[in-house]
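Engineer: Below are the chains, spelled out letter by letter.
Protein chains: 2
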Amino acid sequence: MATPIEFFFDFSSPYSYLASEIIEPLASRYGREVDYKPMLLGVAFKHAGTRPLVEVPLKGEYSKRDMERSARFFGVRFALPDPFPIGAVAASRAVIWLRDRDEQRARRFVHAAFREYFVNGRNIADTTVVADVLRQIGADTDRVLAAIQQPDIKERLKASVDAALARGVFGAPFLFVDGEPFWGHDRLPQVEKWLASGPF
Amino acid sequence: MATPIEFFFDFSSPYSYLASEIIEPLASRYGREVDYKPMLLGVAFKHAGTRPLVEVPLKGEYSKRDMERSARFFGVRFALPDPFPIGAVAASRAVIWLRDRDEQRARRFVHAAFREYFVNGRNIADTTVVADVLRQIGADTDRVLAAIQQPDIKERLKASVDAALARGVFGAPFLFVDGEPFWGHDRLPQVEKWLASGPF
Numbered sequence: 006m007a008t009p010i011e012f013f014f015d016f017s018s019p020y021s022y023l024a025s026e027i028i029e030p031l032a033s034r035y036g037r038e039v040d041y042k043p044m045l046l047g048v049a050f051k052h053a054g055t056r057p058l059v060e061v062p063l064k065g066e067y068s069k070r071d072m073e074r075s076a077r078f079f080g081v082r083f084a085l086p087d088p089f090p091i092g093a094v095a096a097s098r099a100v101i102w103l104r105d106r107d108e109q110r111a112r113r114f115v116h117a118a119f120r121e122y123f124v125n126g127r128n129i130a131d132t133t134v135v136a137d138v139l140r141q142i143g144a145d146t147d148r149v150l151a152a153i154q155q156p157d158i159k160e161r162l163k164a165s166v167d168a169a170l171a172r173g174v175f176g177a178p179f180l181f182v183d184g185e186p187f188w189g190h191d192r193l194p195q196v197e198k199w200l201a202s203g204p205f
Numbered sequence: 006m007a008t009p010i011e012f013f014f015d016f017s018s019p020y021s022y023l024a025s026e027i028i029e030p031l032a033s034r035y036g037r038e039v040d041y042k043p044m045l046l047g048v049a050f051k052h053a054g055t056r057p058l059v060e061v062p063l064k065g066e067y068s069k070r071d072m073e074r075s076a077r078f079f080g081v082r083f084a085l086p087d088p089f090p091i092g093a094v095a096a097s098r099a100v101i102w103l104r105d106r107d108e109q110r111a112r113r114f115v116h117a118a119f120r121e122y123f124v125n126g127r128n129i130a131d132t133t134v135v136a137d138v139l140r141q142i143g144a145d146t147d148r149v150l151a152a153i154q155q156p157d158i159k160e161r162l163k164a165s166v167d168a169a170l171a172r173g174v175f176g177a178p179f180l181f182v183d184g185e186p187f188w189g190h191d192r193l194p195q196v197e198k199w200l201a202s203g204p205f
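Residue numbers (the numbering used here), protein chains in the order written: chain A, 6 to 205; chain B, 6 to 205.
If we strip away everything but chain A, and leave its shape as in the complex, we get (with noise of 0.2 Å):
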């Protein structure tokens, strides 16, 4: 099999939950499966100078209706959630944690984090929120909340946002594609090339 779909992605960002549904067809049509990264958008921003897509006036009203949009064009449930945006660290801990031991299991989470917050509306940066998706999945949701609380996950996440940036990862959705940057959910037409049909 042909190396993963590298997936940086933040639970706070609606066109990666758009993109986490698209994406998973369009791999396993091609052979190769995705590896979920997560990233914190708040400090991408940060070392960007930019900031939080709803808080740019103008731009902020345009991306609400083409997030609403663009969910419909894709067949993609969503509903935008109140409140929005968050900072959703520890379900983001949470899939390091999981990725270590069991990369479906990590996989079904992101979806199942995602699919709360913006299709059911719950907060997911509130720890029984993420307890219930845990759950969902089938986790032992004690031991990885309580895992969570370690030093060594919330740095492996620091980490894990600091190997984003150092690749130039400034926004999410954002993919690497046998090392090929990809940025944004409507670069998917893209990927789609790429992977049909190599570099172009």
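Misleading hints may appear alongside valid ones.
One copy or two, it doesn't matter: identical chains are merged, so the pair holds either way.
Stated by the list, open to error - Listed below are the simulated DSSO-like cross-link pairs for lysine-lysine, each with C-alpha atoms no more than 30 Å apart in a straight line:
{"#": "1", "residue 1": "Lys64", "residue 2": "Lys159"}
{"#": "2", "residue 1": "Lys51", "residue 2": "Lys159"}
{"#": "3", "residue 1": "Lys51", "residue 2": "Lys198"}
{"#": "4", "residue 1": "Lys198", "residue 2": "Lys69"}
{"#": "5", "residue 1": "Lys163", "residue 2": "Lys51"}
{"#": "6", "residue 1": "Lys198", "residue 2": "Lys159"}
{"#": "7", "residue 1": "Lys51", "residue 2": "Lys64"}
Think of the hints as simulated: they come from the structure by calculation, not from any bench. Predicted model, so just to flag it, every value in this text is computed and none were measured.
Let chain A serve as the given structure and place chain B on it in line with the hints.
Structural biologist: Same frame as chain A, now just chain B:
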């Protein structure tokens, strides 16, 4: 014939150029015309507190790669010019003047100017290059060059930019189809869906 597609653009925007090449066959498949309306990204950036793409750390480097790859993806000839970006005020004023008199000719001017800059690498901020483009499309070069020095045309461009901002145009290309806003060449698949089957 249904209402034209409003196409707000800046001559210095590579993604506007890309979209201008893709939109024509798309629009004509659905019996629509494209109405090119110049705006000035510099003014929009000031308004929204944003910056030219290439000046943003990380994003700037990525965007250059993405512009070139996106052009290849769509089969559009493209070479990032130097200098870039530019302020193409004279060319924008020429569009306003031509558009008042002959929409077809204004459209030919837009395409010819874009190609002069993004294919041939000639600086369309330079009046002698604007003159060449006017000659290419068979316009009365001296008359247009004199007209765009007049206060009324300068004022008309300013009013066009202000009207764009008032309608929420914060970037380019920015399209309105039946009043619905679409930002970016990467929303053309959504534009096509809209043209094919209406609101979604």
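Engineer: Using 30 Å as the alpha carbon limit, work out where Lys163 and Lys51 are close: within a copy, between copies, both or neither.
Structural biologist: within (14 Å within a copy, 34 Å between copies)
Engineer: With identical chains, the pair Lys198 and Lys69 could be close in the same copy or across copies; at 30 Å between alpha carbons, which is it: within, between, both, or neither?
Structural biologist: Both: 28 Å inside a copy, 19 Å across copies.
Engineer: Between copies, within a copy, both or neither: which fits Lys51 and Lys64 at Cα up to 30 Å?
Structural biologist: This pair counts as both: shortest intra-copy Cα distance 19 Å, inter-copy 13 Å.
Engineer: Is the C-alpha distance from Lys51 to Lys159 at most 30 Å within one copy, between copies, in both cases, or in neither?
Structural biologist: within (19 Å within a copy, 38 Å between copies)
Engineer: Have a look at Lys64 and Lys159 and pick one of within, between, both or neither, based on CA distance no larger than 30 Å.
Structural biologist: The answer is between: 27 Å across copies meets 30 Å, while 33 Å in one copy does not.
Engineer: First find the shortest C-alpha distance between Lys198 and Lys159 inside one copy, then the shortest across copies, and answer within, between, both or neither for a cut-off of 30 Å.
Structural biologist: Classified as neither; 37 Å inside a copy, 44 Å across copies.
Engineer: Can you tell me if Lys51 and Lys198 fall within 30 Å by alpha carbon in one copy, between copies, both or neither?
Structural biologist: neither (33 Å within a copy, 37 Å between copies)
Checked against the numbered hints above, the structure breaks hints 3, 6 and satisfies the rest.
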